[in-house]
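Here this note's numbering = 1-based position in the sequence shown + 2.
In case anyone wonders, no lab produced these hints; they're calculated from the structure.
Some hints could be false.
[Unchecked claim] Calculated cross-link-like contacts (lysine-lysine; reagent style PhoX-like; alpha-carbon spacing at most 25 Å):
1. 166 with 151
2. 160 with 132
3. 166 with 178
4. 132 with 166
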Amino acid sequence: EKERSLLGIRLTDAIRHWALDSWPELQTTQPGLPQIEGALGLFNSGSYRLIEPIEAGKLTYGHVIQMMPFDRSWGLVLFKGSDLQAAFAGLRRNQQHNRVFTPQFSSNLREADNYQLLIQGADELWTPLKPDGYYLAALEGWIDINGFKVPELETALKNGIRLKPRIHRAHMIMEKYFPE
Numbered sequence: 003e004k005e006r007s008l009l010g011i012r013l014t015d016a017i018r019h020w021a022l023d024s025w026p027e028l029q030t031t032q033p034g035l036p037q038i039e040g041a042l043g044l045f046n047s048g049s050y051r052l053i054e055p056i057e058a059g060k061l062t063y064g065h066v067i068q069m070m071p072f073d074r075s076w077g078l079v080l081f082k083g084s085d086l087q088a089a090f091a092g093l094r095r096n097q098q099h100n101r102v103f104t105p106q107f108s109s110n111l112r113e114a115d116n117y118q119l120l121i122q123g124a125d126e127l128w129t130p131l132k133p134d135g136y137y138l139a140a141l142e143g144w145i146d147i148n149g150f151k152v153p154e155l156e157t158a159l160k161n162g163i164r165l166k167p168r169i170h171r172a173h174m175i176m177e178k179y180f181p182e
């Protein structure tokens with residue numbers, strides 16, 4: 003089982019920050035969007051790797067290619083808390099190669115018992131997702147297309163509000179948001 007890693011957390015935090023920076027423009031170009039309770043990033047654990055250490059400093063396109071050798075695209079979806087919770091639990095119950103799947107998720111999320119997601123608020127307290135609240139989710143490409151064919155994720159994606167078409171400029175976003 004691939005556990006959460008520092009690299010996975012950094013990658014998911016980078017796409018979460020991209021989502022948060024995109025939110026004001028989305029509210030302007032898509033009037034009537036509900037208020038969000040929080041933002042998060044989800045990454046497929048198998049979609050990134052670190053073959054050799056990256057020296058401190060500026061992240062380059064080559065580093066991004068090395069870390070994410072596959073699709074390098076992301077989606078931005080607005081989910082109700084109940085759908086997001088069900089999708090996460092479905093992903094965790096999904097068995098791939100006789101192993102439990104552990105998605106990477108941003109540092110403002112934590113998993114409690116029974117796959118329950120807790121989100122850290124501005125007050126730094128951890129609370130369960132609000133079932134009727136809305137959450138802005140930046141999804142790595144394999145999760146965004148439901149590559150594992152998880153029924154709960156499929157339902158959540160159908161119920162969610164797609165805010166942007168899949169972004170295929172992941173290297174540009176990583177160069178901006180990945181910590182040095």
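Of the numbered hints stated earlier in the document, which are not met by this structure? none
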